[in-house]
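Number of protein chains: 4
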Amino acid sequence: MTETVEAPRLAPWRERMHEVIFEADTPAGKAFDVVLLILIAGSIVAVMLESVPEIAADANWVLALHIAEWTFTGLFAIEYALRMNCVRRPLRYARSFYGIIDLLAILPAFVSLLIPGSQSFAVVRAVRLLRAFRVFKLAHFLTEASSLRRAMVASWPKIAVFLMTVLVLIVIVGSAMYVIEGPESGFTSIPTSVYWAVVTITTVGYGDIAPQTALGKAVASMMMIMGYALIVVPTGVLSAEMAKSSPAKPVSTQACPDCGAEGHDADAKFCRACGGKL
Amino acid sequence: MTETVEAPRLAPWRERMHEVIFEADTPAGKAFDVVLLILIAGSIVAVMLESVPEIAADANWVLALHIAEWTFTGLFAIEYALRMNCVRRPLRYARSFYGIIDLLAILPAFVSLLIPGSQSFAVVRAVRLLRAFRVFKLAHFLTEASSLRRAMVASWPKIAVFLMTVLVLIVIVGSAMYVIEGPESGFTSIPTSVYWAVVTITTVGYGDIAPQTALGKAVASMMMIMGYALIVVPTGVLSAEMAKSSPAKPVSTQACPDCGAEGHDADAKFCRACGGKL
Amino acid sequence: MTETVEAPRLAPWRERMHEVIFEADTPAGKAFDVVLLILIAGSIVAVMLESVPEIAADANWVLALHIAEWTFTGLFAIEYALRMNCVRRPLRYARSFYGIIDLLAILPAFVSLLIPGSQSFAVVRAVRLLRAFRVFKLAHFLTEASSLRRAMVASWPKIAVFLMTVLVLIVIVGSAMYVIEGPESGFTSIPTSVYWAVVTITTVGYGDIAPQTALGKAVASMMMIMGYALIVVPTGVLSAEMAKSSPAKPVSTQACPDCGAEGHDADAKFCRACGGKL
Amino acid sequence: MTETVEAPRLAPWRERMHEVIFEADTPAGKAFDVVLLILIAGSIVAVMLESVPEIAADANWVLALHIAEWTFTGLFAIEYALRMNCVRRPLRYARSFYGIIDLLAILPAFVSLLIPGSQSFAVVRAVRLLRAFRVFKLAHFLTEASSLRRAMVASWPKIAVFLMTVLVLIVIVGSAMYVIEGPESGFTSIPTSVYWAVVTITTVGYGDIAPQTALGKAVASMMMIMGYALIVVPTGVLSAEMAKSSPAKPVSTQACPDCGAEGHDADAKFCRACGGKL
Chain A
1 MTETVEAPRL APWRERMHEV IFEADTPAGK AFDVVLLILI AGSIVAVMLE SVPEIAADAN
61 WVLALHIAEW TFTGLFAIEY ALRMNCVRRP LRYARSFYGI IDLLAILPAF VSLLIPGSQS
121 FAVVRAVRLL RAFRVFKLAH FLTEASSLRR AMVASWPKIA VFLMTVLVLI VIVGSAMYVI
181 EGPESGFTSI PTSVYWAVVT ITTVGYGDIA PQTALGKAVA SMMMIMGYAL IVVPTGVLSA
241 EMAKSSPAKP VSTQACPDCG AEGHDADAKF CRACGGKL
Chain B
279 MTETVEAPRL APWRERMHEV IFEADTPAGK AFDVVLLILI AGSIVAVMLE SVPEIAADAN
339 WVLALHIAEW TFTGLFAIEY ALRMNCVRRP LRYARSFYGI IDLLAILPAF VSLLIPGSQS
399 FAVVRAVRLL RAFRVFKLAH FLTEASSLRR AMVASWPKIA VFLMTVLVLI VIVGSAMYVI
459 EGPESGFTSI PTSVYWAVVT ITTVGYGDIA PQTALGKAVA SMMMIMGYAL IVVPTGVLSA
519 EMAKSSPAKP VSTQACPDCG AEGHDADAKF CRACGGKL
Chain C
557 MTETVEAPRL APWRERMHEV IFEADTPAGK AFDVVLLILI AGSIVAVMLE SVPEIAADAN
617 WVLALHIAEW TFTGLFAIEY ALRMNCVRRP LRYARSFYGI IDLLAILPAF VSLLIPGSQS
677 FAVVRAVRLL RAFRVFKLAH FLTEASSLRR AMVASWPKIA VFLMTVLVLI VIVGSAMYVI
737 EGPESGFTSI PTSVYWAVVT ITTVGYGDIA PQTALGKAVA SMMMIMGYAL IVVPTGVLSA
797 EMAKSSPAKP VSTQACPDCG AEGHDADAKF CRACGGKL
Chain D
835 MTETVEAPRL APWRERMHEV IFEADTPAGK AFDVVLLILI AGSIVAVMLE SVPEIAADAN
895 WVLALHIAEW TFTGLFAIEY ALRMNCVRRP LRYARSFYGI IDLLAILPAF VSLLIPGSQS
955 FAVVRAVRLL RAFRVFKLAH FLTEASSLRR AMVASWPKIA VFLMTVLVLI VIVGSAMYVI
1015 EGPESGFTSI PTSVYWAVVT ITTVGYGDIA PQTALGKAVA SMMMIMGYAL IVVPTGVLSA
1075 EMAKSSPAKP VSTQACPDCG AEGHDADAKF CRACGGKL
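From first to last, the protein sequence lines are chains A, B, C and D. In terms of the numbering used here, the first sequence is residues 1 to 278. In terms of the numbering used here, the second sequence is residues 279 to 556. In terms of the numbering used here, the third sequence is residues 557 to 834. In terms of the numbering used here, the fourth sequence is residues 835 to 1112.
Because the hints were derived from the structure by calculation, they are not lab data. Be aware that a few hints might be false.
[What the hints assert, rightly or not] Label pairs and their calculated CB-CB ranges:
1. B:Trp348 - A:Gly182: 24 to 30 angstroms
2. D:Gly1016 - C:Val667: 57 to 63 angstroms
3. A:Val34 - D:Val987: 21 to 27 angstroms
4. D:Arg984 - A:Asn85: 42 to 48 angstroms
5. A:Gly182 - B:Asn338: 21 to 27 angstroms
6. A:Met84 - D:Ala988: 35 to 41 angstroms
7. A:Ala57 - D:Leu909: 51 to 57 angstroms
8. D:Gly1016 - A:Asn85: 39 to 45 angstroms
9. C:Ala597 - B:Pro461: 23 to 29 angstroms
10. C:Thr582 - D:Ile872: 32 to 38 angstroms
Don't be surprised by glycine CBs; every beta carbon is placed ideally from N, CA and C.
Bound-form chain A, shown alone (with noise of 0.2 angstroms):
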């Protein structure tokens, strides 16, 4: 809305601060990323400790994890305040996708003080671990990523076709099991069916719903051999399209100064996703 076409030229300062916090090819920029991890990986473990019945009984506990969940929460506020600082359009940023999850790492515990017990939500978070990749091998996680992706990709509708194919036998099987079966054997519904079914044919099998008749035994059987030999399918696939894949071409570790977006390749002039400098 208040975007400009040509965005402004960042101070020195805010450029060498933009080259720290969203990039990890200096020294300070990978100390930033690998610190910032830690706070995360941290801020998880300090949300799942809280519900732990026997920590949530222990008043030190309480006290310890409250303070550790509104230390993580400043950081995190300080830290997507500085990301807007340094963005040349910090709407675009705060409009991306983790800028919406870095905001995301924040509302929780301000949340938490007038709805009791979202505080769980905060393990949102655990979305912001995926910028490791940054981090660890940086252009070369992300080549790998994109070669993955576009392997996927190509082999969509193949999947697709697959997934289709197991839905419908899903659905068709889960409602004979109805009918063979019936409620004793824990059948009570056709939604209760198919999710036995689901839990079957991907061979889960809890055991809390199980054939008891031979014919439900029967169609189950046949049903587990199926599906043990359908996950053939889209691993085939897959496996042909990697190897048919060329080598994927590289990949840049630099976010853009505009909006954040990263992944552009490496001779790349301006973002693809916003058409800033780079």
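Given chain A, work out where chains B, C and D should sit, using these hints.
What follows is chains B, C and D alone, placed relative to chain A:
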């Protein structure tokens, strides 16, 4: 029986109707298919809900679902009549795979008037969802499916050898476990033990039947490792087959105006199923 | 022991019988094999039914199955005698894999006269179903099987390394879980814990034994992810091997008239097992 | 610390002992390794049996296993001393992977004198079974292993991306299920829910914790299908990598006489770990 050697040409308005109903190349044809898919999905959800005890006990829900069921049946009946009307050889369509499925989509509501409880069979409508392949990506999907089908046909003998071996293994180990474990551990008969062997070798593992003796556990362990390792065989076979398979021949999205058969080659002039002109 | 260096030529009618019984190239040979397969499948079903308590309690069923069992045994005994009669070197056939299996198919009925309950072992007849490969697609199937066998032989060292590593992992983690969880959680001894580790790493997951402590659950989680990820190793190995393997050498459907060995090359003149003329 | 720049040449009889103990090229060396493997397997079985309650309650068994344990420990101690004696730089061997494992194979018996119950740790001897690779097929196995290792190293970044994504998914879905299902269904805390998510996505499916609510079952179903479909990613990646990988470089079976490191190239003149002459 009443089919003539040369199918009569359809009147122009029926040709147009054929284009809308059987194909998805035109905006109208695509819109028709999308609406149809939504109706199919809706009718499946209605049948599923009907089977949930809480909903079956609520008079309002029962009435609403009853109305929905007859509405869907009515719409599908109209669709079936239109389809019969705009193919040149209705009998050929009626006896084709989709013709039978389209008829089965209408019958359960009527049958349930005579035999209460049989409305569960209405989920056979799920098979009609496979029509989705035509809507979403069309030619692309059809090509993929047929390239997939070709690789599966080519690797079928190898996979048959694999399945045959697995079945013999299941019968032998299932029987051995009946002798080893006996009825006390839940292995009450050889068919039950064979069912257990299927549950185990496919790695589903419900746990409703599990070996109790040391020898039984040892045999079961060996069987699990075998089942875990065996799945690599068909996977490797299909992967190799897919990698070998040349780029698929393009496939047209046209359905035969005579019998409704699909999947014709892009340059085909006549239906490969009935020989009618496309 | 009584074998001569040069096997005697068979009389013409025994040559023809050999063609019918051991091969499936002629209509008579194919018919013989199909009838035999139906008999084998029938005899397995009879043995299975005999073990079902409801059927064992019904005098009519017991009588019918008793008659069926002795009929099948009689037919298989006649078949065995014919086979012995129409090979040039009966002892070689008697000591071959299928010769032993064919004998084992007859014995259980007689043994069960002496030792009641031993008729369950008659399911060993299931192994004879592997003869089906000869009937269904013949040369085609045999070639596939041997091309599969060649790829498996080629990738065997890699898969042995994989299985060895998995076994060591199972023993180490199984023992660790015995120390961590102890008898209260069902980990009553190291062998039991190792059995649990096999159930877990193969993703069967019965649930009869499951970790209860936090540390146990953490170790089990790591093991599950490892088991889930490890299966890709042999799959990748075999896929690569299959892709590399050249088109298989054609294989003849002829069985050696001396010893009954199968799988000879199409241009083979002598049996690769006993050196007899084909 | 006491290592010299130029390792002293060993006396001829120690050279020969090195050949027998560390290598498997000569009949004596192979015999030594086979005997050692049998001893290792035997000692593992003894430790396992010791933990079975029925055996631990029987004084005869306890005595026999006690004697066996100390016999194995004595033999392994002698073997360790011989190994230290016939390498040129004992400290290098003592600090190598196998050196540490060989020491750990002796310690548990002594430690169990001080801390009762610690003899379970003796199963760490299982790691020594990996020496089997040297005995069975030697150069062949080592080459395979290192070609396998090379493909895994090459596909590691792609597999790391996959594992990272799976972990983030597990944390997110695990936490969501804690909020959806709550403690009544067994989802007593976020760590427990995350454990359930691991059990489910790896398709192990114990069934000790399973969703009870309709929403929970729907989320779990989606997760199962995802877990079932996700495994194709690393499989495809490794298959493609293995297919690409060139025939492996031949590897020698020689162990370094200085430090005992293995896996040297066939034409290597110096140890790649310590630089000692081979």
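| field | C-beta pair B:Trp348, A:Gly182: status relative to the range 24 to 30 angstroms that was hinted | value | Since B:Trp348 and A:Gly182 have Cβ atoms about 26 angstroms apart, the given range 24 to 30 angstroms holds.
| 39 to 45 angstroms as the expected CB spacing between A:Asn85 and D:Gly1016, which holds or is violated | Since the Cβ atoms of D:Gly1016 and A:Asn85 sit about 41 angstroms apart, the hinted range of 39 to 45 angstroms holds.
| task | Determine whether the Cβ-Cβ distance between D:Gly1016 and C:Val667 falls within the hinted range of 57 to 63 angstroms. | result | holds, 59 angstroms
| Beta-carbon spacing of A:Met84 to D:Ala988 - inside the hinted bounds 35 to 41 angstroms or not | Given range 35 to 41 angstroms: holds, Cβ gap about 40 angstroms.
| query | Does 42 to 48 angstroms hold as the CB distance between D:Arg984 and A:Asn85, or does it fail? | reply | holds, 46 angstroms
| task | With 21 to 27 angstroms as the target window, see if A:Val34 and D:Val987 comply at their CB atoms. | result | Given a distance of about 23 angstroms, which is inside 21 to 27 angstroms, the answer is holds.
| message | For the hint 21 to 27 angstroms, verify it against the beta carbon of A:Gly182 and that of B:Asn338. | response | Holds, at about 25 angstroms.
| request: Evaluate the given range 51 to 57 angstroms for the C-beta pair formed by A:Ala57 and D:Leu909. | output: holds, 53 angstroms
| Measuring from beta carbon to beta carbon, are C:Ala597 and B:Pro461 in 23 to 29 angstroms? | holds, 26 angstroms
| So does C:Thr582 sit 32 to 38 angstroms from D:Ile872, Cβ to Cβ? | This hint is violated: roughly 53 angstroms between Cβ atoms.
Hint 10 from the list above is the single one not met by this structure.
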